[in-house]
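Chains U and R, in that order, give the protein sequences.
UniProt numbering applies: residue 1 is where the first sequence begins, and numbers increase by one.
UniProt numbering applies: residue 1 is where the second sequence begins, and numbers increase by one.
Hints in this document: simulated from the structure, not taken from any laboratory.
Built from N, CA and C at the ideal position, the CB exists for glycine as well.
Among the hints, a few may not be true.
Partner residues aside, some chain R positions facing chain U, computed with beta carbon under 8 angstroms [as the list claims (entries may be wrong)]: (1) R348; (2) H351; (3) S354; (4) G356; (5) R362; (6) L387; (7) V389; (8) K394; (9) G397; (10) I400.
Straight-line C-alpha distance at most 25 angstroms; calculated BS3-like pairs for lysine-lysine [stated by the list, open to error]: (11) R:K184 with U:K177; (12) R:K117 with R:K142; (13) R:K393 with R:K370; (14) R:K249 with R:K229; (15) U:K64 with R:K48; (16) R:K191 with U:K43; (17) R:K4 with U:K60; (18) U:K71 with R:K142; (19) R:K191 with U:K6; (20) U:K71 with R:K191; (21) U:K60 with R:K48; (22) R:K229 with R:K4; (23) R:K393 with U:K57; (24) R:K136 with U:K57; (25) R:K117 with U:K43; (26) U:K247 with U:K282.
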Amino acid sequence: MSDLMKVTIDGITVEVAPGTSILNAARQIGGDIVPPAMCYYSKLEGSGGKCRTCIVKVSKGSEKDPRPMPKLVASCRTTVMDGMEVQNITSPEVLEARNGVVEMLLINHPLDCPICDQAGECDLQNLGYENGLQRTRYEFERRTFERIDIGDKIQLHMNRCILCYRCVFTADQITNKRVHGILNRGDHSEISTYIQTAVDNDFSGNVIDVCPVGALTDKTFRFKNRVWFTKPVDAHRNCDHEKCNGKVTLWYKGADVLRVTARKDQFGEVEEFICNTCRFEKKATSDWNIEQPTAIADTSVIASNHYDTFRPLPVIKENLALQEANKVELEKSTKF
Amino acid sequence: MGRKLLLEHINVPGINTLAVYREKGGYRAVEKALKTLTPDEVVEEVKKSGLRGRGGAGFPTGMKWSFLAKPEGVARYLVCNADESEPGTFKDRYLMTYIPHALIEGMIVASFALGAKTSYIYVRGEMMPQIRILEKAIAEAKAAGFLGKNILGTGYDLELYVQPGGGAYICGEETALLESLEGKRGNPRIKPPFPAIAGLYGCPTVVNNVESIAAVVPIINDGGDEYAKIGIGRSTGTKLISASGNLVKPGVYEIELGLPVEEFIYSDEYCGGIANGKRLKATVAGGSSVPILPANLTLKYANGEPRLMSYESLSEGGFATGTMLGSGGFIAFDEDQCIVRNTWNFSRFYHHESCGQCSPCREGTGWLEKVLHRLEYGHGKMSDIDLLVDVSKKIEGNTICPLGDAAAWPVASAIRHFRDEFEWHVKEPVKSLSSNYGLANYAVPIEKKVEEVKQDNL
Numbered sequence: 001m002s003d004l005m006k007v008t009i010d011g012i013t014v015e016v017a018p019g020t021s022i023l024n025a026a027r028q029i030g031g032d033i034v035p036p037a038m039c040y041y042s043k044l045e046g047s048g049g050k051c052r053t054c055i056v057k058v059s060k061g062s063e064k065d066p067r068p069m070p071k072l073v074a075s076c077r078t079t080v081m082d083g084m085e086v087q088n089i090t091s092p093e094v095l096e097a098r099n100g101v102v103e104m105l106l107i108n109h110p111l112d113c114p115i116c117d118q119a120g121e122c123d124l125q126n127l128g129y130e131n132g133l134q135r136t137r138y139e140f141e142r143r144t145f146e147r148i149d150i151g152d153k154i155q156l157h158m159n160r161c162i163l164c165y166r167c168v169f170t171a172d173q174i175t176n177k178r179v180h181g182i183l184n185r186g187d188h189s190e191i192s193t194y195i196q197t198a199v200d201n202d203f204s205g206n207v208i209d210v211c212p213v214g215a216l217t218d219k220t221f222r223f224k225n226r227v228w229f230t231k232p233v234d235a236h237r238n239c240d241h242e243k244c245n246g247k248v249t250l251w252y253k254g255a256d257v258l259r260v261t262a263r264k265d266q267f268g269e270v271e272e273f274i275c276n277t278c279r280f281e282k283k284a285t286s287d288w289n290i291e292q293p294t295a296i297a298d299t300s301v302i303a304s305n306h307y308d309t310f311r312p313l314p315v316i317k318e319n320l321a322l323q324e325a326n327k328v329e330l331e332k333s334t335k336f
Numbered sequence: 001m002g003r004k005l006l007l008e009h010i011n012v013p014g015i016n017t018l019a020v021y022r023e024k025g026g027y028r029a030v031e032k033a034l035k036t037l038t039p040d041e042v043v044e045e046v047k048k049s050g051l052r053g054r055g056g057a058g059f060p061t062g063m064k065w066s067f068l069a070k071p072e073g074v075a076r077y078l079v080c081n082a083d084e085s086e087p088g089t090f091k092d093r094y095l096m097t098y099i100p101h102a103l104i105e106g107m108i109v110a111s112f113a114l115g116a117k118t119s120y121i122y123v124r125g126e127m128m129p130q131i132r133i134l135e136k137a138i139a140e141a142k143a144a145g146f147l148g149k150n151i152l153g154t155g156y157d158l159e160l161y162v163q164p165g166g167g168a169y170i171c172g173e174e175t176a177l178l179e180s181l182e183g184k185r186g187n188p189r190i191k192p193p194f195p196a197i198a199g200l201y202g203c204p205t206v207v208n209n210v211e212s213i214a215a216v217v218p219i220i221n222d223g224g225d226e227y228a229k230i231g232i233g234r235s236t237g238t239k240l241i242s243a244s245g246n247l248v249k250p251g252v253y254e255i256e257l258g259l260p261v262e263e264f265i266y267s268d269e270y271c272g273g274i275a276n277g278k279r280l281k282a283t284v285a286g287g288s289s290v291p292i293l294p295a296n297l298t299l300k301y302a303n304g305e306p307r308l309m310s311y312e313s314l315s316e317g318g319f320a321t322g323t324m325l326g327s328g329g330f331i332a333f334d335e336d337q338c339i340v341r342n343t344w345n346f347s348r349f350y351h352h353e354s355c356g357q358c359s360p361c362r363e364g365t366g367w368l369e370k371v372l373h374r375l376e377y378g379h380g381k382m383s384d385i386d387l388l389v390d391v392s393k394k395i396e397g398n399t400i401c402p403l404g405d406a407a408a409w410p411v412a413s414a415i416r417h418f419r420d421e422f423e424w425h426v427k428e429p430v431k432s433l434s435s436n437y438g439l440a441n442y443a444v445p446i447e448k449k450v451e452e453v454k455q456d457n458l
């Protein structure tokens, strides 16, 4: 008997190390059964449990104690037990509750995607497409805030915030001084800095990357371009900051580098945090060693303008039966 | 006359001072526990008494104490939750104002049982007079040798501190209280770990309500078995009920659990009936967060049996026809009260008090409040009623702490029992601004169902 824990998520069994959360176990399986996470961030200690979009049903507690858990649980903060059985997309109850949470997240969100810089790479947008309603049932005025500049490089647009606390944890754990937190309570809570102090330290720019929505944006990139018109490229430089290794993604439009971000993995989390010099100061190709085009998922709107996903073989074009069978893909390929 | 344990000497002049409290048998429990019992024996007595947490959830106190982790070399803490701020509940404030020494005596015994060397009383910030009263009482107890180093020569040390809160309802949730006590923003923690394993400053901690701690005193004085004889079934002992609303004599009453609800409302010993000769329309039996019940279901179960004031009896019938004892905030509404307005008022409270950490509660409480406000002020639609039910369902059970449930239950239960009144508000928007729906059939007595004799058996 190894010390690995066996956990079954939506009928797929995986063995994980003790102490792993249900969400991370699901990420090891991958695919559709990974619960969406808006507030959990594996690189930030203490994050998670707040947005409630990752809720799942535990239909069997463990091998020893097979009772199901009475409530739906936040998968990001529930550790697996040996023999646990979890239902995510196979449980209608979970999907209904998740739709409810998404509706709640959107009732005070301005839905100004057409003018939001995050559109196209926004976690809330993706979540809304997958789990949201097509119309809103909320008929009241949405809460509004003034935009605040926190520092000369970052703008906080509190209207869009879903209070995931990721930036608070980032400011707390990655940067060296805590000047950034939550004011007020309930639905009037707002992310802010103490008496509007500027956030001023070498790693403050990372709050932009961890923000799942367009609440914290890069002022050097604001309104420069839509993200799906830019081309991401992996690059690195020898950064002299001790904590930064200079591995980034450059976002090109033509020959210009419009912005620099940290590299993100398939779950939208940064691989390594980068310093403000790399992010804001180095915007010339000559500063960087280009590695390769960034891999972008086919499903992402960013991929749609740049990469052909399907090139029909010549034989398909000649054979009528094959043409019929590959009709959808052929249509797609002619679009590009 | 019901037996009084906590409020026995409440009318003695000067009972708030140590001298008079001692004269009436005060601090006997400290002497008995520290000198003749071991900590485990105290826990055992409390377990035997069947005392259940008086703060609302009704979790057995002795069990909670026995769950406390006891690793070597790590401090343990006892924290008293005096952040009482639920609409309709004011029993702890009463107890702290008039017999503060009962709480302090209970704190000493409970700290001894748990092995805590430092204990805190977290008092809601608005209760400034009570904070001063408690601090004065602590100074008196310390001067008399009941606190500090080497209490009564037994070698047990205890320091007791009063900590004012910032006045947030959410800090009555035990993990939010601990965060607040540590000097942080009062957001509930995500459980597990439970406070019994990692609580205040990461050390094992027990958080108990004021009344639960005060109830330890009679348990130690008379013995757990004696205490368990009072009450009914698994609801043992006495309970403070803070009665408010349209009653002849609102106030704090100590009842023996198992008292019929009808007797509590109408007998002269307790509330003395409904004020101004009106009729009862509805009650909230245990503070604003428990489901509201119409008059007929308050007095009787759905099958016609009389309902009693106890944990089990009040929750008889589940959410469909029952409610909960909660923290004992008993609110009575007479025939001229508007349930829609009351529900809106409760929702407004929860909207204001939601901490804003997890999304369903943060956004949902505001939504509920706005829809109810619209209904109350004559702009409602028929679809709003179902919307409220749906939103409350989506909050309930999906939040970190029970505040989400507490916000959802009053709304869901009001619509379940008083749907006619909500519909009337939609149909008669102008009339509903100037008059009320009235009693309707909410007080029609439930007839006891007669068992039908089956003819086949004959």
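So, going through the hints one by one against the coordinates:
1. For R348 of chain R, the shortest C-beta to C-beta distance to chain U is roughly 11 angstroms, which exceeds 8 angstroms, and the interface hint is violated.
2. Residue-level restraint check for H351 of chain R holds (minimum Cβ-Cβ distance to chain U is 6 angstroms; threshold 8 angstroms).
3. For S354 of chain R, the interface hint holds, since its Cβ comes within 8 angstroms of a Cβ in chain U; the closest pair sits about 4 angstroms apart.
4. The closest approach between the C-beta of G356 of chain R and any C-beta of chain U is roughly 4 angstroms, which is under the 8 angstroms cut-off, so the hint is satisfied.
5. For R362 of chain R, the interface hint holds, the least distance from its beta-carbon to any beta-carbon of chain U being 5 angstroms, beneath 8 angstroms.
6. The interface hint given for L387 of chain R holds, since its Cβ lies 6 angstroms from the closest Cβ of chain U, which is under the 8 angstroms cut-off.
7. Annotation: V389 of chain R was flagged as interfacial toward chain U, and the flag is violated, the nearest CB pair being 12 angstroms apart, outside 8 angstroms.
8. For K394 of chain R, the interface hint holds, since its Cβ comes within 8 angstroms of a Cβ in chain U; the closest pair sits about 3 angstroms apart.
9. The beta carbon of G397 of chain R comes within 5 angstroms of a beta carbon in chain U, closer than 8 angstroms, and the hint placing it at the interface holds.
10. Interface restraint check: I400 of chain R against chain U, minimum CB-CB distance 6 angstroms, threshold 8 angstroms, status holds.
11. Of the supplied pair hints, the one linking K184 of chain R and K177 of chain U holds, its CA atoms being roughly 16 angstroms apart against a limit of 25 angstroms.
12. This hinted pair checks out: K117 of chain R and K142 of chain R have alpha carbons roughly 14 angstroms apart, not beyond 25 angstroms.
13. About 17 angstroms separates the Cα atoms of K393 of chain R and K370 of chain R, which keeps this hinted pair within 25 angstroms; it holds.
14. Using a Cα cut-off of 25 angstroms, the hinted pair K249 of chain R and K229 of chain R is violated, with the two alpha carbons roughly 29 angstroms apart.
15. Between K64 of chain U and K48 of chain R the alpha-carbon distance is near 29 angstroms, which puts this suggested pair outside the 25 angstroms criterion.
16. With a CA separation close to 20 angstroms, the supplied pair K191 of chain R and K43 of chain U stays within the 25 angstroms bound.
17. Pair hint K4 of chain R plus K60 of chain U does not hold up; C-alpha atoms about 46 angstroms apart against a cutoff of 25 angstroms.
18. Our distance criterion of 25 angstroms between C-alpha atoms is broken by K71 of chain U and K142 of chain R, whose separation comes to about 46 angstroms.
19. Simply put, K191 of chain R and K6 of chain U have alpha-carbon atoms about 23 angstroms apart, close enough for the 25 angstroms limit, and the pair holds.
20. Proximity of K71 of chain U to K191 of chain R is assessed by CA-CA distance (about 13 angstroms); at most 25 angstroms being required, the pair is judged to hold.
21. About 33 angstroms separates the Cα atoms of K60 of chain U and K48 of chain R, which puts this hinted pair outside 25 angstroms; it is violated.
22. With a CA separation close to 14 angstroms, the supplied pair K229 of chain R and K4 of chain R stays within the 25 angstroms bound.
23. For a cut-off of 25 angstroms, the pair hint linking K393 of chain R to K57 of chain U stands: about 16 angstroms separates their Cα positions.
24. Only pairs whose Cα atoms come within 25 angstroms are accepted, and K136 of chain R paired with K57 of chain U is rejected, the gap being roughly 51 angstroms.
25. Simply put, K117 of chain R and K43 of chain U have alpha-carbon atoms about 37 angstroms apart, too far for the 25 angstroms limit, and the pair is violated.
26. Only pairs whose Cα atoms come within 25 angstroms are accepted, and K247 of chain U paired with K282 of chain U is accepted, the gap being roughly 12 angstroms.
Taken one by one, the earlier hints fail for this structure at numbers 1, 7, 14, 15, 17, 18, 21, 24, 25, listed in ascending order.
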